[in-house]
Structures are given as structure tokens and as C-alpha cells.
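Undergrad: Spelled out, the chains give:
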Amino acid sequence: MTANSGSVSAGAASTGPARTGSEGQPLVVDRLSVAYGEFRAVTDASFEVGTGRVLGLVGESGSGKSSLALAIARLLPPEGRVASGTARVGDVDVTALAGEALRLARSELVAYIPQDASAALNPVHRAGRQIAEVFRLRYQLDDAAAQAQAVRLLARVGIRRPEDTARRYPHELSGGMRQRVMIAMAIALRPALLVADEPTTALDVTVQAEIISLVRELQEEHRTTLLWITHDMGVVAEIADDVAVMYGGRIVEHAPARAVFSAPLHPYTKALLSSFTTGRLARPKAPFETIEGAPPVGQIPPGCPFHPRCPLVTDRCRTEVPLPRGSGHRVACHLAEVTPDG
Amino acid sequence: MLARKIAVRVGLAALTVLAVIAGTFVLEFVIPANPARVVAGPKASSQVVAEVARNLGLNRPEWQQLLSYIGGVLHGDLGYSYVSQTSVTSLLAGRLPATALLMAAGIVVELAVGGALGLWDGLRPKRSWVLASVNIGLLSVPTFTFGFLLLLLFGYVWPVLPVSGGLGAAQLVLPALTLGLLGAPYYAIVVRDQLREVLPAPFVRTALAKGLTRRQILHGHVLRVVVPPVLTMAGMDVALFLSGVVFVEDIFAWPGIGQLQVQAFSNVDRPVLMGTVIVAATAVVVMNLVVDLLRLVVDPRVRAESL
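Protein chains in written order, with the numbering used here: chain A, 28 to 369; chain B, 193 to 499.
The following block holds chain B by itself, in its conformation from the complex (with noise of 0.2 Å):
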């Protein structure tokens, strides 16, 4: 019964992606650039041009284009790089690394730091400013300008971090704190919402009856309910997460997946754009999935509802 539900859901996700690519087919279709010019240079002449789009297989009708790059998907065949004739498996392979670590570190910094926001206010007997004047403040700076900010303040007026990009752990730092820094306002919103929730509720006056600590009150009957719910938001936070990676990247010159697909976008390299694309929709879609199973396992209601 679990397995099949499991099966369900993995053809459901294996089709989502499916959308995603034709509709990004559409919308590269859309835009109104010619790759092959681009390929060519400004100073080819139109004969190139046109010889350039028939290599790139561009003169084919759009429906037939889309029908032959799905199969080469079906089988792990994701085309080349106009620019650079490069399979774009292998660009994205060496690239997917650095942006997994750079999430990872994102996702760790946005979970520490909102959810001990959110605890700290949770646990007061009063909501405090403090956290709504962060909140306020973190939530209406757009991803690029924070990263700037944070790229002026600790690379130039006090230079203690590398501006210039590139992998290591110092590099790491201020995208990573860019990208957790702008998340945590929501963690900390839902991580203090739901103890607001939890700790009127009379098992944790139970708990209190039993003669526990506080402590032994928190840990073993407040945060395996609250904890949930942050678990389910992390896991679909990613596709936000992918979206400001593009811009993080970009900003602190972090070899990835996004600093990839921000100079296909400007060469119109469709190929390589396009397994970008993929490879985030599969990210989201596989994220979701890890987090529905992770909240079988943690939360018996769940299981109960789901079998």
C-alpha cells in the first residue's frame, strides 16, 4: 500500500517535470533572440547565420525539435551547448556539486537562525518586537541587494571575507548567509506560530503534570510537534531556494547550477538553459516527495491518514 503510494507519486513527479520542460520549450520559443546570431557574432553575415541554425538543427518545425529532445531526455540525453559543444550532462554535473553545498549551507543557516528566532519568541510569555522589526527588515530586501550589501559590507568597508568568488569555505560564507538570512523570517514565523499553538495544549499540561522540566517539556513533547510542519516548509522552500540561487550565484561568482543558467540565458543557449531547468524542477519535485516520507516516519497521524 505504502509502495504504491510511493509509485503514485513518483510518476506524478516524473510527469511534472515533463510539463516543465515543454513549457519552457514554449517560453524559449517565445523570446525573441535568434541563437544562432548569437553563435555566429554581430559581424556574421546572414549566409553563416542561416548555416549555423540548420547545424544547431534549428530550422526544424518547433513541435519536432520538442519531440526529439524529449527523447534524448528519456534517454539521459540532454543536448549540447551551442556555445561551447559540450554535453550538457557533463556541464551540469561538474556544476551541481558547488550548488548543492551552497543550498545545504543555505538551508542550514535559514534553519538555525529563524528557527532560534522563532524559538526565543515562541517561548516568551509576550511577542517581542525584536522579531517583527527583523522580520520586516530581512523580508523587504530583495535577494540581490542583500547579497550586495553583504558582498560591500564584509569585502570592502571591512574586509574579511574574498569577494572574488570561486569554491572554498570562505567563499561559501557570505552567499550562504545571503540566501539563509532572507529565509529564516518565514521559519522563524512558523516555528514561533506553531509553539504559540503547541504550548497552550493539554498534553503539554500533561507533560507539566508528570513534574518534567521545562527542558525535558520542549524537547521531548513541544518540538517533535512543532517540527513537522518546519520539515514540510524546508522541502518546499527549495524551489525558492533555486530561484534566489540564480541570483546569489551570479552575485558571489559561486560556480553553480545558477551562475550556469544566468549565461546560457544571456547566450541563448537553450540546451544548457534547459537542463538547468530540469535539474530544478526535479530538485523540487524529488524535495517534495523526501518530505512527505520524512513526515511518515516522524508523525504516526501521517501514517495512519496515508495507509
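Isolated chain A (complex conformation) (with noise of 0.2 Å):
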């Protein structure tokens, strides 16, 4: 981490006006299902995260996996819709909120970081004012008290010139700092659940390491619970607690992220895996595995979404959708030995 950002930290323990101290909230999702008009991008899924706990969600482009975090941050654009289930972050159904219920839960309850923070800031206004903006918009606090508030959050973030950064414009900064810049705006109300989707993704491999842990450094100290998206299985291994794989818009494996890694069940997440050790860690030049085919676009395969692609296919999973089974490490697979439910 940077120099500074502990020592500012000490400072800095009131954060925002409201919910000064408050805690993170334990997220259910039950069933929730995803659809854009008649597509649907995410079906039926389940998992909690406890509170405080980091879950990684895991998956390819087009796996479902944005949609899901967008439906529960209440951001999904006016095509997608939720099509069934509910998210509750503590004991608010987030999927049934409305008006101005929901107006107040977006950013208190649940805040949202960008995969592309240059698009995600507005290109004319200053770095600081976005960031204040939340507070003389929502406290009314004065000009300079805002413009306070945002600096603090900009020092708290890791910046080290946050008086400078903040009178920046976007474009003036690095991705880096501006990706600093949304985590500063999503932690500043202190949100009880924090959903990250890619944030490191179009940052440069020593940036995102810095990112990481500035977020975990962030959640630990608030006890905020997280959800990170990623399709990348090193940074999970570096953050998660828990771990769901998605594919074809299911949840297919969901179980603690060393679980996950020492015994995986699902095939697919076996082939993730598989491909990650030896892309990353196998000797030079020796074959790197890939997963055959590729994911499923637009048309979702019926019976379980991975059997296309899976070494192990069998007849019924052409046909048959497997629900997730097991406790605590819980497969969609068919062929998955699992300890049975509680």
C-alpha cells in the first residue's frame, strides 16, 4: 500500500454524517433471476455473503456475472429487469425497493465500483466536486464542508496530493487515480455492502495490486460486506473469503475460496482452474490448457449450461438442469460427489 494512506486512516474514522460507525450488512440472494427483454442473462441464483466476508464471483464475459452485480446494486440499465427471486442486504429486500426508498439504499446501503472509472466520472466536473457532490447534495452541507469531506476521502484512498487531485479534472489523472477517485466516492457514505465489478481489470498489474489492497484494507476496517467480480482466479485467490463460479448464467459452485482451489467439483471450474496454474505458474513453454469451445452467447443451452463444452458429459445433462447441491461447498454438476445437504 502507499506511504500515507495508514497514518491518514487514524484521522479519518468519522466517515460521512450519516451512519457514522455503522457496520456492513450480510447479503442473501435468493433465486434472483436477470432478464433483458427476453434474454436471460442470469438465472436462479443463490448464495450469501456474511458480514464483512469478501466473495469473489467468478466468470467469463457474458457469464452473467455484471448483470447480477448491477441488479443488486439497483444499476441495471432500463432494458434488464429482475425477473424473479430478491436480494436483501441486512433485512431490505434491495430487487423490491422503489422511489425514494430506493434512492436513499443506492450508495448507503449498496455502492458500486465501475470496471472503467473514465467513463464512470463525468468528464466536466473536477474530481473533488464529484466526490462532494454526495455530500452537499444529500447533507446539504456548504461548499467548503463538502469540498472537505472529499478531500479527507481522496487522502483516505491512498492519493497523496489529494488537494491537487481534487481540483483535477478526469481526464488529468491516471487510471489508477481514478479508479481511487470512484472507490473514494463509494465508500464516502459508508455503505453496508460494497459491490466491485472488475475494478482492476483496465488497470496495470502493479496498479491493481495497490487497488486490492486498498479495498480490502477498506473493508476490513468497516466491516463492509463485499461482492468482487472478476474473471480473473488471481485476484480472487488474493481477496475472496468465499468464492461462486459462474457459467452460462448460473451460479455453478459456491464454497470457501480455499475449498474452491485445494478441491474444486465442478468441471468448469476445474478447467478455470486448471488453465490459471498453468498459464501462470507452469514452466515456460509447456502447454497451456484451455477450456474447448467457447461460452454460450445470446442462446443458453438447455439442460445444464456448461455440458457443450465438458469432458464429462453425460445424456442427462443434455436434458437436465442440475440444482445446486451440497452444504457448505455447494455444485451444480450432476456428476459432483458432494456431502449431502444438511
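Do not rely on the hints blindly, as some may be mistaken.
Claimed, not checked - Beyond 10 Å from chain B on every Cβ pair, some chain A residues (computed): (1) Arg-108; (2) Gly-112; (3) Leu-131; (4) Glu-135; (5) Asn-149; (6) His-258; (7) Arg-345.
Stated by the list, open to error - Distance windows between CB atoms, simulated: (8) Val-324/A - Val-478/B: 51 to 59 Å; (9) Ser-301/A - Arg-319/B: 47 to 55 Å; (10) Pro-421/B - Ala-172/A: 46 to 54 Å; (11) Pro-150/A - Leu-485/B: 31 to 39 Å; (12) Glu-247/A - Val-490/B: 41 to 49 Å; (13) Ile-328/B - Glu-319/A: 34 to 42 Å; (14) Ala-172/A - Val-478/B: 54 to 62 Å; (15) Val-490/B - Arg-285/A: 51 to 59 Å; (16) Arg-319/B - Ala-110/A: 55 to 63 Å; (17) Glu-127/A - Leu-204/B: 49 to 57 Å; (18) Gly-329/B - Glu-127/A: 34 to 42 Å.
Source of the hints: derived by calculation from the structure; they are not laboratory data.
Every residue, glycine too, gets a C-beta built ideally from N, C-alpha and C.
Each of the two chains sits in its own frame; use the hints to bring them together as a complex.
TA: Put into C-alpha cells, the structure is as follows:
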């Protein structure tokens, strides 16, 4: 981590005028489905994340992980909708919120860190103003007080010269700085749940590591519940307590991170991990394992979504959708050996 | 750096005006009409016409006329009207405020009507047939037809507004509406398209994620991005407006530059005609310059590109 963030955090114990000292809340997602018109991006996703824990949600592009994240953060585009199911943060079902309650839940209950910070910042406003706005408009702080809060938050996310950065426009900042600004904005109101949608994908590797440890540090400090979406198993290994693997709009495996890495049960997870280990850890020029075929686009196949690419496919897989089984280590595969449901 | 950029732009603007002068001069000599004959009257003998032509300096070679005219322009002398013998500068100065007022009123109507229509349509989840039909209706009517239509409706059928012309608030309404309503469709389309582009942008989603209200998002984030292109368009629109102003002033007897231009044209009053063209050309380049500078102020990204 950068040198100054630790020292600043001590002086920045009280964040935001509301919810001071508040902790995270558990997230319980129950059979959540997300649809864009006729197309189902997410089907019957169920998982939970305990207070202050980090769930790594892994999947390829098009697996539905971003749709799931946007649905939980209530930021789906107008053409997308939650078709069924619930997502509870503490005792609030965010999918049922509307109007003023929804407006207040965004950012105070659930905050969202997007993948592309450069597009997510308004190009015509200074960075500080964009953070200060939260305090100005939500808490009627005057300009100076709101600006002071913004500068304090910028310092908190490890920016060395926060006053200077606050005066800059997004296009004058580096990718890592922009993402730090987005993080400052996300934590401004101390959300109970933080949804991070591949926040490090657009960054180079060293900056990526800094951002990961920054988010982890902030998350631990406030015991915020964190849902971290990524396609990178390496990132999951660094940050996640639990892992959920998505494929074709369904969660195919959900277990503590250690269990997933040491004893993956789903053929897709196994393939994903072996391509990751051969890719990153193998000797140079050793063959690089890939998963045959391509993930489904537009049309999700009947039966198990992974069956067209699965080496172990049986007739049953082609017709019958496998439901999640097992306790603690849950997997949606007809062939996997699991400990029976409690 | 910025000062140098502005200096270059001003220089280019001056060159543009010079080019317009030369072009108009050529066009004036192509028109098959003899100003001396018009000044002397249809019954004058050919000796009188020749005498008038000599007095007006028309018997000199064209290139000499052009050069002495440009020389005069550089000294602020636009010559004298063939018809009234008064100086063109004073004629223009007397007419300029009226035209400026009409144009400003027209632009206000244009922005208000076009902006409102565009916002209304752009903020709906789906396109509406209302905007499309209003636009087709307005765009398919020529300026002069629309002017006469308004004149007929509000001057005779339902006589609530004066038709007689002159400078005044009541007299301003119809010509401003004619100009503004005919320009509004373009603004409606630009505003609508901008909204359709900006609303799904990730930074609008960020504003939503902050828990801002719809109004706060629209004012603080969306409109700040939508307005600069509209400004640019308003600046370029001055050219279009000036051509519309000519008809509108003539129809509504609004005593501005346009009316002066129409009179000068039928009288083959070359110095006056040229004066109005210079005013129009200058207005266009100046407005473009103003818009560029405004965009520098409004949009920090433009500032970054140009500095």
C-alpha cells in the first residue's frame, strides 16, 4: 500500500455525516433472475455473503456476473429487469425498493465500483466536486465542508496530494487515480455492501495490486460486506473469503475460497483453475491448458449450461438442469460427489 | 498559447470577410442591371445615365473599383448609397440594433421551443411521434410561407397582433416566432440525440449510484454535457438566421438590415448591398469565434485539446 494511507486512516475515523460507525450487513441472494427482454442473463442465482466477508464472483465474459452485480446494486439499464427472486441486504430486499427508498438505498446501503472509472466519472466536473456532490446534495453541507470531506476521502484512498487531485478533471488523472476517486465516492456514505465490478481489469498489474489491497483494507476497517466480480482467478485468490463461479447465467459452484482452489467440484471450475495454474505457474513453454469451445452467447443451451464444453458430459446433462447440491461446498453438477445437504 | 490561438482565429476571420467582399463584388457585376440607369430613372436619356455612371465611379475598370472599395473598408468607409447619398455606415448603424434584437428574440424562441421539445422527447423511454410530426411540419414550410401564415392567422383571422411593422414589442412577436419556430426542429433533434447518447453513459449511472434525484442528475450531470454542442450549433446558426432574417424583416416590415438589403437589391444599390453582406459575414465569423471560446470555458476537455 502507499505510505500515507495508514497514517491518514487514524484521523479519518468518522466517515460521512450519516451511519457513523455503521458496519456491513449480510447479503442474501435468493433465486435471483435477471432478464433483458426475452434473454435471461442470470437464472436462479442463490448465494450469501456474511457481514464483513468477501465473495469473489468469477466468470467469463457473458456469464451474467455483471448483470447480477448491477441487479444487486439496483443499477440495471432500463432494458434490464429482475425477473424473479430477491436480494436482501440486512433485512432490506433491494429488488423490491422503489422511489425514494430506492434512491436512499443506492450508495448508503449498496455502493458500486465500476470497471471503467474513466467512463464512470463525469468528464466536465473536477474530481473533488464529484465526490463532494454526495455530501452537498444528500446532506446539504455547504461547498467548503463538502469539499473538505472530499479531500479527506481522497487522502483516505491513498492519494498523496488530495487537494491537488480534487482540483483536477478526470482526463488529467491516471487510470489508478480515477479508480481511487471512484472508490472514495463509493465509500463516502459507508455502504453496508460494496459491489466491485472488475474494478482492476483496466489497470496495469502493479496498480491492480494496490487497488486490491486498498479495497481490502477499507473493507476490513468498516467490516463492509464485499462482492467482488472478476474473471481473474488470481485476483480471487488474493481477496476472496468465498468464491462463487458463474457459467451461462447460473452459479455452478459456491464454496470457501480454500475449498474451491484445493478441491474444485465442478468440471468448469476445474478447467478454469487448471488453465490458470498452467498459465501462471507452469514452466516456460509448457503447454497452456484451455477450455475447449466458447462460452454461450445469446442462447443458453438446454440442460447444464456447460454441457457442450464438458469432457464428462452424459445424456442427463443435455436435458436436465443440475440444481445446486451440498452444504458448505455447493455445486450444480449431476456428476459431482458432494456431502449431502444438511 | 491561448492568446496566439485566438490571434490566428481572428486573422482567419478577417481573411474570410475579405474573401466574401471580393466574391460579392464579382457577383454584383454579373447581375445584368445598370445601377446608373436605376438611379437616373427609366426616362432619363443615355447622356444622363452616362453622367450618373461617371459620378458613381462606374466607368473605371472593375478591379480598380474593387481595390478602392477594399481600401475604403480598411479605413472604415463603406461608401455612399447610390440612391439616398447617405453613408452606408450610418445606414447600417441605424438598422443594426433592430436586426440584433430580432435575432436574439428568434434564438431565444428557437432554444426554448427546440430545447423543450428535445428534452421532452429525449427523457421519454421511447421516441414519440409528436416530435417527429412537429419537426416534419415545421421543416417542410419555407420561411416566407410560414411568415405569411402567421401574419394571416394572428393579423387578420384572429387580429391580436399588429401587422403594420415598426419597432416594438408587439411587432417583434410574429417575426421572432417565424424565425424561432423554423429553427426549433434542429435544436430539438440535437438535444434529443445528445440525451439518448448521454443518458446511458456510465457517469450517469455513477450519479444514480450516489443516490441523486432525477432532477439533480439532469441538471448537474446530463445537461452540462448536452449544452456545449447546442451552443456550437447556435453559433453556426447565425448564418442560417441571417438569410432567414432577410425574408422575415421584409414580410413583417421590421426595419432591420434584412429589409435594407432587400431594398438595396431591387435598387441595385451596390454599396448598401455590400455593406449588409459585410455585416452578415462579420457576424458569422464573430459568432463562430465566440462559440469556440465559450466551449473552451464550458468543456475542460476542449481546453486540454487546444492548449
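Undergrad: Does each hint hold? Answer for all of them.
TA: Hint by hint, here is what the structure shows:
no.: 1; hint: Arg-108; result: 13 Å, holds
no.: 2; hint: Gly-112; result: 21 Å, holds
no.: 3; hint: Leu-131; result: 6 Å, violated
no.: 4; hint: Glu-135; result: 6 Å, violated
no.: 5; hint: Asn-149; result: 4 Å, violated
no.: 6; hint: His-258; result: 19 Å, holds
no.: 7; hint: Arg-345; result: 38 Å, holds
no.: 8; hint: Val-324/A - Val-478/B: 51 to 59 Å; result: 54 Å, holds
no.: 9; hint: Ser-301/A - Arg-319/B: 47 to 55 Å; result: 50 Å, holds
no.: 10; hint: Pro-421/B - Ala-172/A: 46 to 54 Å; result: 35 Å, violated
no.: 11; hint: Pro-150/A - Leu-485/B: 31 to 39 Å; result: 19 Å, violated
no.: 12; hint: Glu-247/A - Val-490/B: 41 to 49 Å; result: 42 Å, holds
no.: 13; hint: Ile-328/B - Glu-319/A: 34 to 42 Å; result: 55 Å, violated
no.: 14; hint: Ala-172/A - Val-478/B: 54 to 62 Å; result: 43 Å, violated
no.: 15; hint: Val-490/B - Arg-285/A: 51 to 59 Å; result: 54 Å, holds
no.: 16; hint: Arg-319/B - Ala-110/A: 55 to 63 Å; result: 26 Å, violated
no.: 17; hint: Glu-127/A - Leu-204/B: 49 to 57 Å; result: 54 Å, holds
no.: 18; hint: Gly-329/B - Glu-127/A: 34 to 42 Å; result: 40 Å, holds
Violation of the numbered hints given earlier is confined to hints 3, 4, 5, 10, 11, 13, 14 and 16; the remaining hints are satisfied by the structure.
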